[in-house]
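Read top to bottom, the protein sequences are chains A and B. This note's numbering numbers the first residue of the first sequence as 56 and each following residue consecutively. This note's numbering numbers the first residue of the second sequence as 655 and each following residue consecutively.
It is worth saying that the hints were derived from the structure and are not from the lab. The model shown is predicted, which means the values in this text are computed figures rather than measured ones. You may find that some hints are simply not true.
[Said to hold, decoys possible] Listed next, with one range per pair, are the computed distances between beta-carbon atoms:
(1) A:Glu-136 with B:Gly-816: 52 to 58 Å
(2) A:Ala-194 with B:Val-1029: 29 to 35 Å
(3) B:Leu-677 with A:Ala-194: 50 to 56 Å
(4) B:Glu-751 with A:Ala-151: 21 to 27 Å
(5) B:Arg-743 with A:Pro-157: 43 to 49 Å
(6) A:Leu-201 with B:Arg-1001: 38 to 44 Å
[Said to hold, decoys possible] Facing chain B, from chain A, some residues (calculated, C-beta under 10 Å):
(7) Met-144
(8) Ile-147
(9) Ala-151
(10) Glu-152
(11) Leu-202
[Stated by the list, open to error] Computed footprint of chain B on chain A, listed as stretches where at least three residues anywhere in the stretch have a Cβ under 8 Å from a Cβ of chain B:
(12) 153-160
(13) 181-194
Backbone N, C-alpha and C fix where the C-beta goes; we use that ideal spot for every residue, glycine too.
In case you want the letters, here they are:
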Amino acid sequence: MALTDEDVREILRIIDTAGTHEIRVQTEGFSLHVVRGDGGAATTRSAGADVGQPGAADVAPTAAAAAAAAANVTQAAADDEFLTIESPMLGIFYRAEAPGEPPFVEVGSIVEADTIVCIIEVMKMMNSVPAGVAGKIVAISSENGLLVEFGEPLFRVEPA
Amino acid sequence: MKRVFIANRGEIAVRIVRACRELGLESVVGVSDADRGGLAARLADRSICIGPAPAAASYLRDDLVVMAAVGTDCDAIHPGYGFLAESARLASRALSEGLVFVGPPPEVIELTGDKLRAREQAVLAGLPVLPGRAVESVEQALSLADEIGYPVLLKAAGGGGGRGIKLVHEASELPSLFSLSRAEAQAAFDDDRVYIERFIANARHIEVQIAADHLGEVVHLGERDCSVQRRYQKLIEEAPAPALATSVRDAIRAAAVTLARKLGYRNLGTVEFVLDADTDEFFFLEVNCRIQVEHPVTEALTGRDLVRLQLRIADGAPLGFGQSQVTFAGHAIECRLCAEDPAHGFRPSPGTLTAFAVPALAGLRVDTHCEPGAVIPPYYDSLMAKLIAHGEDRERALAVLLEALDDTEVEGVECNRDFLREVLRHPDFRAGAVPTDWLGRALA
C-alpha cells in the first residue's frame, strides 16, 4: 500500500484539526506513526524520506513537511543535508510562466512551501508545481523544455 | 518506424520489446512507479516512469502515454492488451501527434467497442448473430425475453471482458438483474446500455485470428478454442479447436474474414464466436481490436510472429503472404499461471517471488516477466506467465504442458499451478472439447 499525495495531505489535515500530539495507525502491512514536531530541519527531512514507504511510514509533520509531502520532496540519504523536489508527474519541465519571462526560481532563490518553482506540461495542460518545502534552491536538476518522468529530481533545496 | 513506445507492462511488454529487437526497432517502455525495476524496463532500450502505481494514474492515462511517446522521440505506440489497447481516444490522440498507432484505425476501434454497432455490422455482412437486441426498460426486457425464450443473457453494450453479463433463468429474476447489469455496465464502461441475447446452454467459445493490411488484403490465421473459463475469464486456450467438423471450421474462419473486410479492418484482430455444441451452429459475439493474451497458440501453429506482423503492418508493409500460404502444424495449448489463491476464491496474491522457475522443455514456450526477486504488485492483474506447449497432436501438447507445470516452481505468492494441473488432467478435458460452463461445474 503506497500513500498518494492526497492521502498524505488528508492525514496531515486530520492531525492538524485533531490537535493531538501523536497518532499511531497499525493495520496489516501498514503502519503510520505521526508526531507533531517543532519545525526543526531534522524532522522535516525524516518526513520526506519515509512518506510512501509501505510497511512503516514514520511521518513527523511540521508546517513545512505538510506541503513538502504534497510536492514530492524527498531526502536522498539519511546524512544528506539537502532535500529534493521531485516531479509530481510526467511532462515537459518549464522554468518560467512563458518563453521570455523570468524563471520562477534560480539557484539561490529563497522559497516557501507554496512558492511555484516550475510548470509541468502534459498535452497542453499546464500544471504549476509548488516547492513543498521552505528553503534555498541550491541546484536545478533538469533543463527547461525537457521531458521529465514521474518522480524525477527537479530541484535541490537547503531547508530553512 | 524506428522507435516504439510500449504502453503496457508485464509479460506482454517483454514480448513487444523482444519483437522490436528482432525487427531492429528501438523500444521505450512507459512504466508506473511500481514497475520501474521490472524485466520489461530492463530489457527495453529505455524506460520512463509515466506515473504512480495505480493504473488510473499511469497505464490508463492516454495523455501521459502520448506525451511520454512524443517526449522520448518514439514514432509509434504499441498498446499491448488490456489498459488502453482498445481506446479509440489513445489511437486518435497518437495519430494527431504524428505517431503510428499499432492497431486498427480509431473509427474501427470505436465501432467494434460498441457491441451493438458491431452486431449490426455483423448482420449486414451476413454473419449469424444470436436472437436479441438492445433493451431500455424492464418492460422491454421482459417482453423480449418472452419472445426469445428463457434463459437469456444480459450484456453490456459498452464493452466486453465478461463485465455486466448476467444469466437470467426466468422472468422473476429479470427486473433485479436488469438493474444490476446496467449498474455494472455504467461503472465499467461509463455506458449503461444493455442488450439481451439468447443463451446457449452447451456453448463453446471459438475465436478466429485475422490480419489485414492497408491494401485491403485480409487473411485468417485459424481459430482458437477458449472454452475453459472461470467467471467469463479464459484460463486455457488451444488451437486448433478440438472436435470441430471441417465444414464448421471453414465456415467460422470465412465469416471472420468477411466481417473484417466489411469493417475495413486493418492490422491484427480477433473475431469471437459462440458455437452451439448441440447443433454446430455458430454466432458472432464481438471483435477484439488488439493482440490477444492467447496469441502464442496461433503463433505455434502457423509459425508466424504475430507481434512482429502487427508492427510491420502498422509501418505500412503489406501482409506479404496470402491465405494459401497460411499453414497449420500440430496442436498448441496455453495455460495462464496466475498469482492467485484457489483455496480462497482465487483472490489475488501479490508479493515478492522468492523462487520462480519453469523448466526448459522441447515444445514448451514461456512468456513471462517474472524471475526470482520480482514483485507481483497488488495494482494490476495477477498473470505471472503463459505456458504454451506445442506438439504433433493434442495428446503430446498436453503431456508437455503437464510436465512443465509439474516442474514449475513458484514461491512467495500463492498460485493456480495445481488448479491448472487438475484441469488439464480432468478426463472431460482430456477427452476433447468442453463447453464454457464446464469448469464451473466440474472443478470450481
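Results for each hint:
{"no.": "1", "hint": "A:Glu-136 with B:Gly-816: 52 to 58 Å", "verdict": "holds (54 Å)"}
{"no.": "2", "hint": "A:Ala-194 with B:Val-1029: 29 to 35 Å", "verdict": "holds (32 Å)"}
{"no.": "3", "hint": "B:Leu-677 with A:Ala-194: 50 to 56 Å", "verdict": "violated (41 Å)"}
{"no.": "4", "hint": "B:Glu-751 with A:Ala-151: 21 to 27 Å", "verdict": "holds (24 Å)"}
{"no.": "5", "hint": "B:Arg-743 with A:Pro-157: 43 to 49 Å", "verdict": "violated (37 Å)"}
{"no.": "6", "hint": "A:Leu-201 with B:Arg-1001: 38 to 44 Å", "verdict": "holds (43 Å)"}
{"no.": "7", "hint": "Met-144", "verdict": "holds (7 Å)"}
{"no.": "8", "hint": "Ile-147", "verdict": "holds (7 Å)"}
{"no.": "9", "hint": "Ala-151", "verdict": "violated (19 Å)"}
{"no.": "10", "hint": "Glu-152", "verdict": "violated (20 Å)"}
{"no.": "11", "hint": "Leu-202", "verdict": "holds (3 Å)"}
{"no.": "12", "hint": "153-160", "verdict": "violated (count 0)"}
{"no.": "13", "hint": "181-194", "verdict": "violated (count 0)"}
Hint compliance for this structure: hints 3, 5, 9, 10, 12, 13 are broken, all remaining hints hold.
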